[in-house]
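Given chain A, put chain B in place with the hints provided.
Protein chains: 2
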Amino acid sequence: MTEPRLDVLAIGNAIVDVISVADDAFIQAEGLRKGSMRLIDAAEAKRLYDRMGQAREISGGSGANTVAGVAALGGKAGFVGQVSEDQLGEVFAHDIRAAGVEFETKAADFGVPTARCLVLVTPDAQRTMNTFLGASQRLPADALDPKQIEDSAILYLEGYMWDPEEPRRTMMQAVEIARAAKRKVALTLSDVFVIERHRDGLMGLIDNGFIDILFANEAELAALSQSDDFDEAVDAIADKVETLVVTRSEKGAIAVEDKQRYEVAAEPVDEVVDTTGAGDLFAAGFLVGYRQQRPLEQCLRMGAIAAAEVISHYGARTEADLQALVARKLS
Amino acid sequence: MTEPRLDVLAIGNAIVDVISVADDAFIQAEGLRKGSMRLIDAAEAKRLYDRMGQAREISGGSGANTVAGVAALGGKAGFVGQVSEDQLGEVFAHDIRAAGVEFETKAADFGVPTARCLVLVTPDAQRTMNTFLGASQRLPADALDPKQIEDSAILYLEGYMWDPEEPRRTMMQAVEIARAAKRKVALTLSDVFVIERHRDGLMGLIDNGFIDILFANEAELAALSQSDDFDEAVDAIADKVETLVVTRSEKGAIAVEDKQRYEVAAEPVDEVVDTTGAGDLFAAGFLVGYRQQRPLEQCLRMGAIAAAEVISHYGARTEADLQALVARKLS
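Quick mapping for you: the protein sequence lines, in order, are chains A and B. Taking our numbering, the leading residue of the first sequence gets 140, the next gets one more, and so forth. Taking our numbering, the leading residue of the second sequence gets 140, the next gets one more, and so forth.
Chain A on its own, in the form it takes in the complex (with noise of 0.2 Å):
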């Protein structure tokens, strides 16, 4: 098996966030519930964003997230979503490839503009996002590039794509060429809602040996394992995987392997501005240390201070120098 040219490529969905501050009237007056994801039709999204301040846009996207994090950690990233061709378009893949991230993944036409995602933050630093995903749920299986997936060490999946089903269909190939290739997958499971509606397919995934590599928050952990006892769910999800990652927002995030528990703590954060990201950029910081072959303490580290970068600002693409922030931090 030759070196990989890429430490991890990202198949997620290429959406530009539309990031606006609100307060807890506003997300109680939509009738919506704050930290959480929904998916939004066209005209929702008119509506709402009729109703939202003043904005920022600024690229988003969970996996794209990640591997924009990857870029900024030193590793080699790639990333596999669709965008129409459109301004946002032009912006996604911009802002994509300015992070140093390979983008190939052509600009389509398919009569839907390219994804946003309108992100309401509180005062309280929390995000509630309302995506809709356009261009973003079209893409073809024929925009994989073999060769490229063949040349990834990771293969990293976004859960949000398990919903729409041409993407679900894009990714299952995906995996197929990776694990010929003899690759690692990684898939993170994104929100509850995904696993509400696709758990029998995730779990299939998962059981069959097909993930090596599993990310999930708390409450994500919970929906796939059905048990609300934290332990216990950790303990039935991890015999499944090679590795096992869960998240735990300011309690820190532990990892599993080999019946193995490794944990860390949050890191600390002058002020939480704006959450949006931070499973992203954990699951960066966490990939770079894992092909750096560091010990799984120090992957989960490398994962919380990237993520304590990311909260510190409005967006979820990281604005520091990440990689002389990890040196200075494990030094």
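Treat the hints loosely; a few may be bogus.
One copy or any two copies: either way a pair holds, since identical chains are not told apart in the list.
What the hints assert, rightly or not - Taking lysine to any residue and the SDA-like style, the derived pairs with C-alpha atoms no more than 25 Å apart in a straight line are:
id	residue 1	residue 2
1	390	180
2	215	188
3	245	224
4	185	229
5	390	468
If you're looking for bench data, these hints aren't it; they were derived computationally from the structure. Everything numeric in this text was worked out from a predicted model, so none of it was measured.
Showing chain B alone in chain A's frame:
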């Protein structure tokens, strides 16, 4: 004369800023003059964007920033400016309306996209601006609503609009309507290059008593008065307008009325992040104070407070509760 419905109506470029962090080496390699603004065409906009780092999009435009600030300070404001029928046009229109500004100019397809400004922010918080004017320079005279102008206490003109021919004609028409309705006309000189190219026209306007309130920074004042001696320059121009306001960056600002000079120090800022919009927000604070018939020292102070807020973060639209901030600082 009836009480005006709006405090300030601005005519200006309708621009979305594309803000990226850059180091001095990049500015030098690109042959750019740090701190300046230059106009670029579509090809150069594409070329430079491809080389720029990850960016965030935040609505901008000098006059638009000012009226957004006026609204944030509790004033009633309107904006006239041209966007295209594209996503950046939607972003601009959404943001200015969400700021509480009346914006009725219809998006139109001139075969060119909405204006964007590629803003490179260096670690010293200086901004170097590269503006592709696109649809913005097509603002037709029939975009004006004479009633709206007559209903505005102050017509605020953005100097940048002097450069392209059509908006210049549109603005002159607006000036006539405002003067006939006995409203105040304010002008901001925007940039030295505008004065270099249009000094005769601008001086003619000022000499003929068409401008009541003139905003300039030191360099613009020097270019307009053709004098490098600050006091001489102030005296020469102050005689020609009712109110002259000159901003001097970290040296604060002055205002002159009836040969009487008023001064304010710059407001202290914890960390200057991005100086984009400092002058625009200074004008906003000043004009709101002016409309509240406050003493000129207080108008200047309000300008300084608003400017200090906008340079403490990326983007030229204020983020804090400006009205509360000013109330606290003035008490």
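Hint-by-hint comparison with the structure:
In this homomeric assembly, residue 390 and residue 180 never come within 25 Å of each other (Cα to Cα): the closest approach is 35 Å inside a single copy and 51 Å across copies. For the identical chains of this complex, residue 215 and residue 188 are inter-copy neighbours only, at 22 Å across copies versus 36 Å inside a copy, given an alpha-carbon limit of 25 Å. Within a single copy, residue 245 and residue 224 get their C-alpha atoms as close as 9 Å, and across copies as close as 24 Å, so both meet the 25 Å cut-off. Within a single copy, residue 185 and residue 229 get their C-alpha atoms as close as 20 Å, and across copies as close as 10 Å, so both meet the 25 Å cut-off.
Taking the shortest alpha-carbon separations for residue 390 and residue 468, only the intra-copy value of 19 Å comes in at or below 25 Å, while the best inter-copy value is 39 Å.
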